[in-house]
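Asker: Sequences listed follow chains C and G, in order. Add 37 to a position in the first sequence, counting from 1, and you land on the number used in the numbering used here. Add 2 to a position in the second sequence, counting from 1, and you land on the number used in the numbering used here.
If you are wondering where the hints come from, they were derived from the structure by calculation, not from laboratory data. In this text the structure is predicted, and so the values were computed from the model without any measurement. Note that CB positions come from ideal geometry on N, CA and C, so glycine has one too. Don't take every hint at face value.
[What the hints assert, rightly or not] Some but not every residue of chain C turned toward chain G, in silico, with C-beta under 8 angstroms:
(1) Ser97
(2) Glu101
(3) Ser148
(4) Pro153
(5) Met198
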Amino acid sequence: MTADEDQALGARLEKLLRAQANSRQAPRWISDFLAGETADTSVEEQGEARMVVTGPDGDSCEIELRLAFRTPPAVGKRPWRPAGAGLPREGIEKLSYIVVDEIVGDDADVSISPWPLVDDRGRLLLPAEQPLGVHAVVETLRAYVNRADVRAGRRSIDIRMGTALAAVVRTKPLAAGETRLEKWLVPPVYDITAPARDKAKASFYAAVAPALHPKEVKAIREAASE
Amino acid sequence: MSPRPRNAPAVLPAGLFEDGDFLGSVEPTDLVYWLLNVGDGDLQLILLPERESDHSRRAIVVDVGRSGKLPPLLDSLKERDFLKVPEDGQLFPLVIGTHPHDDHISGMPEFLQLWGHAVREYWEPGYWHTSLAYQNTMHLLEDADPHIQHTQPTSGTTRFIGRVKIIVLSPAVGLRRRFDTYGVDLNDASISLRLEFPASRVEKRDRDRAYVGLRGKTRTLLLGADSLMDSWANVLVDFPVLHPQNAPTAEAIGKAQGPDALDAEIFKVPHHASKHGLNLGLVEAVSPRISLISSVGSGGKYNFPHLVTLEALREGIERTASSGEAHKPDWELKIHYTAEEDPDGPLGSMALVIPPKGREVGLWRFRDKPDEPIDLAKARRFAPK
C-alpha cells in the first residue's frame, strides 16, 4: 500500500468514525478529537483492537477496530486431493463436496459445496457460498451411488450421517427444485468418507490442542517405545 | 384450495398482538431469550441480565443455524446501546454449537469471524463431522487458541455466568464415550441445557455472608437442541424425575439436588418437534408452561413438526386423552412456532423477556422470514385479551 493510499484509508476511517459520532450525538470534544483538533484528551490502547479516549470532563468513548474476514484469507490455497480415493488427476475442481448431513427415518439431508481448497496447514476451506441442501431417500441414494460407479472391485458405498462423496453436480436443476438423483448427480460418484473423516478428526484435534512439530512426535514415540 | 396440513401451525386469530417498545420493556434485571426464525434450524441468543458491576449485558449464543441472521441483530442491539463490548472484551462468555449439523452451525464460521474476538468459551459435543461448516468452525477455534477456551461438556457440567446457572443435561458420559464408534446418532450428541435464573447466591452481610437458596423461586429454561430419545433416556437416568415425592429415595435425592431437575417453565422443543425428539413422558417430566418450536411448519425436508409429537406435547400440557375432548388451540396452550402466522403475515422470530419471578414473561414477535434480518421496529407483543 502506498503512502497516498494509506492516507486515503485513514481519511475513510476518520469519515466513518465521525459519521458514527454524529449519529450518536457525541459531545463536541469527540468530534474535535476525530478531526485531529486535539482537545484535552487522553488515549489508552487496549489490546490490538480497541482504544479508550477520555475527554476533558472524564467522560470516555471507545473505538473498536478489527479486521473481520468474511472469507478465509487467501494463503497458500490449492484444490484438495484426497489420497486413495481414485479421483481423477485432471479437473478435480469441477467436482462437488457432498456430505450426508442428517438422516431422519428414510430421508437424508444432503449438503453440497463447491470442491474445497486446502490451505498451507492442510485445512479444508469453506467456500464463500452457502452449501446447497437437497433431500434424498436413503435407499434410493445408496442404490444410485453404487450403480453410478462402474469401476470393478470397488467397495460399496454406505450411506450414513457423515458419508462424504465427490461427483460432478448439476446445480441448475437443484436450484430449480429438482431432487431426482439422475438429474443432478453425475456418475461416477467417489466415496471420500475416509479422507474426509481424517480431515474432520484433524480439525477437531488441532482446535483443542496445538499441532505438534514432527520432532516432538518423534520424541514422544521414542519415549513411548522405551 | 387444498386443506391445511394437520401438522401446520394454525393461523392465529387477529388481535392477539399489540404495538410496544420492545427494548424499552426490558428491565436491567431481565433475561432476554431469542429464538430466531431460520426455518428448520436453530439460532438462539440469550442476553443475560445487566451485571451489577458495570451495568453491561453479556450474551450466550446457542447454535447459529444460518449465516446473515445473527450479525445484523447484534449490530442493531449495539447501535441502540443495548449491547456493548465490556472492558474485558468478553461480550460472549459462552458460545455453544450443540452438534455439528448444518442447520445448527452453518452460520457459526461467519459469527466467529466477526465476533470471535469477543468470545470467552466455546462448547461443542466433540463429535467430529465431515461437513465443511464443522471443519471451518474448528479452524477458527484453532486460530483463536488460547483466546477461546474450548470445551466438550457432558451431563452435569455446570457453569455460573452472572445470575444464571447453566446445567448440561446431555450428552451423557456413556454416549460421549461411544461417539467415535460411529454408533451414536449425531443428533444424540446434542448438548441440551437447563438454565436457572436467578441462580442461588451468597448475600453480603456486614462482615459476614450467607447462602441464599432460591430453589422454587427461579425461572427455568430447558433448551432441547436436537437430542433424540436415546439421549433423553440417559437424561432421565442422570436427572431422575422425583414426583411423587413420598418415596424415601426421592426425598433424599430431592434434598441433595432439588426436586424435578427437568422441570422447566420455558421449553425449546427438541429437534424441531420431530417424532424422535419427544414423547409424552418427557413432556410430563419437563411440565412446560411455554413451549417453543423452531421449524418451517409442515413441508420442508422432513415435514417438521411431526403431528405425533405435537399431540404428545399438547397432551402433556392439557390432559384430554381420557375425556376425549379436543385440545385448546396451541396459542392458548402457550405453544409457539417460529413458522406460525396471523392474518397480517408471518410471526417469525420470537423473544421472551423473562423477569425474575413476580412479573409475567413477555413474548415478542418480529415478523421476519428465515432469510430476512430482524427489524426491531417491527416488534409486537403477544397480548391475548
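Asker: Next step is simple, just say for each hint if it's right about the structure.
Answerer: Evaluated hints:
1. The interface hint given for Ser97 (chain C) is broken, as the beta carbon of that residue sits about 11 angstroms from the closest beta carbon of chain G, more than 8 angstroms.
2. At about 7 angstroms, the closest approach between the beta carbon of Glu101 (chain C) and any beta carbon in chain G falls short of 8 angstroms, and the interface hint on this residue holds.
3. A distance limit of 8 angstroms between C-beta atoms decides the matter here; for Ser148 (chain C) the minimum to chain G is near 5 angstroms, and the interface restraint holds.
4. Hint on Pro153 (chain C) holds. Least Cβ distance to chain G is approximately 6 angstroms, under the 8 angstroms limit.
5. With a least beta-carbon distance of about 5 angstroms to chain G, the hint placing Met198 (chain C) at the interface is held under the 8 angstroms criterion.
Going down the numbered hints, you'll see the structure goes against just number 1.
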